[in-house]
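Chain order of the listed sequences is A and B.
Just so we're aligned, residue 7 is where the first sequence starts under the working numbering, counting upward by one.
Just so we're aligned, residue 24 is where the second sequence starts under the working numbering, counting upward by one.
Calculated from the structure, these hints are not laboratory results.
A few of these clues could be false.
To be verified - Just some of the chain B residues that point at chain A, by a computed CB distance under 8 Å:
1) Met-24
2) Phe-25
3) Pro-59
4) Ile-61
5) Gly-65
6) Asn-69
7) Pro-292
8) Thr-295
9) Gly-296
10) Gln-298
11) Leu-300
12) Thr-324
13) Gln-329
14) Thr-330
15) Trp-333
16) Gly-373
Positions of the beta carbon are idealized from the N, C-alpha and C atoms, including for glycine.
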Amino acid sequence: MSAIADIAAKVRAGERLSADDGRRLFAHPNLTELGQLAHEVRLRRNPEPVVTYVVGRNINYTNVCWVQCSFCAFYRLPSDTSGEAYTLDEAAIYQKIDELVGVGDGAGQVELLLQGGLNPKLKIDWYEGLFERITARYPQAWLHALSVTEIVYIAKLSKLSVRETIARLHAAGLGSIPGAGAEILDDRVRQVIAPHKETTDEWLECMRTAHELGLRSSATMMYGSTDTTEERLQHLLRLRALQDETGGFTAFIPWSFQPDDTPLGEQLGYARASGFDYLRTVAVSRLLLDNFDHLQASWVTQGPKLAQIALHFGVDDFGSTMLEENVVSAAGTSYTECMPLAEMRRLIEDAGFTPRRRTTLYEPVEELAAA
Amino acid sequence: MFQAAIERAGLSDIAAKVDRGERLTFDDGVRLYESPAIHVVGALANQVRERHNGNVTYWVRNQHINYTNICNKSCLFCSFYAAPRDAERGYVLSVDEVAEKVRAYLDIPITEIHVVGGVNPKLPYAYYLDLCRAIKAVRPRATLKAFTMIEIEQIARAGRRGVAEALEDLRAAGLDMLPGGGAEVFSERVHQELFWAKADSLRWIEIARTAHQLGLRSNATLLYGHVEQTPEKVDHLLRLRELQDETGGIQSFIPLSFHPEQTALDHLPPPTGLQDLREIAVARLMLDNVPHIKSFWIMNTIQVTQTALWYGADDTDGTIQEYEITRDPIHDRRQVLTSAELERLIREAGREPVERDALYRPVVCEAAA
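Just chain A, same shape as in the assembly (with noise of 0.2 Å):
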């Protein structure tokens, strides 16, 4: 008999679990038990044999930041005088832009997932500015753009309100919001990696405002750090919460904590969240996040091997194809080349589904030639 078979019965019946189901499960070793549980709900949410991907790119518009983050080893300080702080003109963005566009078949949606540092030099009106020629320029790219601390950081810069300055930026092209900077909603944990950036209660408002105004996000959690198993549970409880209020959150993508070259990471013995930590995190996620419809795979962070192992453990998404990654390549990920479209697919293929190409915001893009 299984130590969890209680919690196996409320799953199966539909219920929610309790704050302490998330607990026992944290510290049930038993993958089997875990996976078949989360696949079971996958299943059931998503009943088609599909997994997803979306055709899209990061672009780092910017590396100047002056949050220095200890996880991070992206950013160069507004003083920098190493001459490796950097802003892209617009051409070098459209250039950017030009190759993805060239990935696809030229015709379904493409995912630019825009960001950068919190950079004093860029108002909103430069933001405005890009977004409008951007996506007159590009009808088919999807901007998925900023992130809770950008957008915060922004109202600020331009003494507007977080709602205000939302509006703006979805009127100028803004499409949906991406779930970064979460790392942990906690605040003892975003004292200790974070201090500079928002408050948990912060990013929480931010996405409400951003839900309510009618732009859709995803929800991130950077785990792996300082964080206990605790405090990933209230993460995951105060992101369903949420969810149940607006409904705005696409997906939940958890990814471990990048320790090379950041001053977290030498802190921390440049110690990495290990392969069963992030099966077992992903399954309790889709456990627990009962109102979330995807859940996204990291294989920047985790690797192709279990990358392509977590399809069966509560995963219906693959990401972005993302032809450029900086910011945990920075931080030492060993997998920071763009996995090619056919590898890719490959994987979903061996899992036992159907790759599926899609919008950021999950409808089917027809793939006119698959790459």
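Following the hints, put chain B in place on chain A, whose structure we already have.
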């Protein structure tokens, strides 16, 4: 927990056999390999794993030594070998150099020394015996696990002796047991296609049988993820099971995940994580008479190995110094794990780490040199 899932997967009859401890058939093996229900197959394998080994996961403090990369076999799946005429890449370690490598780790309580190399036709019989003696002289208490069946054949040829006689000589010089490599896939089709110059399956099994009959234990392997087909893998497992029924000499079975990079087969994609898990699980279920299933983390990654502890594996191999045969494809660097890391990863997965020696005896206090 799994009853309904087992029924949905159509594996109720196999599950019933596993419950009763009954032997599985060829067809069962094929169905297990082809089942998409990885957690069901894993849970069945875990049942067998816990029956054999409880909650224990073994690891070993070991050192790998590859005495030569010169090899005349030209196997298409190998990136390690240098052809005998390749003066630039080819190397042979002298007996002194090997002894020096052993000496270099005397401060670590290593209990197992794993020695394999290419089939180098220039090496004389005495070299192999001297190698064993030299290693034993520096580190007498470590178990010397050396020479695949393929190398044993070459050593016997170099000494103009029969296999049994060569094995006796090697044992007298310090050889304790044999590793499991060189088995590849027991299929004449694959043998012809990928490793035609090497001993075939009949010969591999014959040499292993001879070793076992002399009281030398060995491991056994299966190299998967290239051109082999499912029935060939099942056949491979059944032939090992048969040998084991006869001799009882196989200590652990190690499915080896193929690395195509820098081989003649580098157009092939590497095995996926789910395949790695499936190979472990099916092996655990089919090889009901082999005590241990090892997940060799060097080849399938430490993440997959940690996961595999719930899909049939009870052994992770070890700390491994100086492994040369495949390289970390991403960093192109040597791979080592500290004993503390290995123990932490095993414990995190809810298993009880036990340091073993080469013969799976628990190492109680620090092993001496």
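*Go through the numbered hints given earlier and state which of them the structure violates, listing their numbers in rising order.*
none
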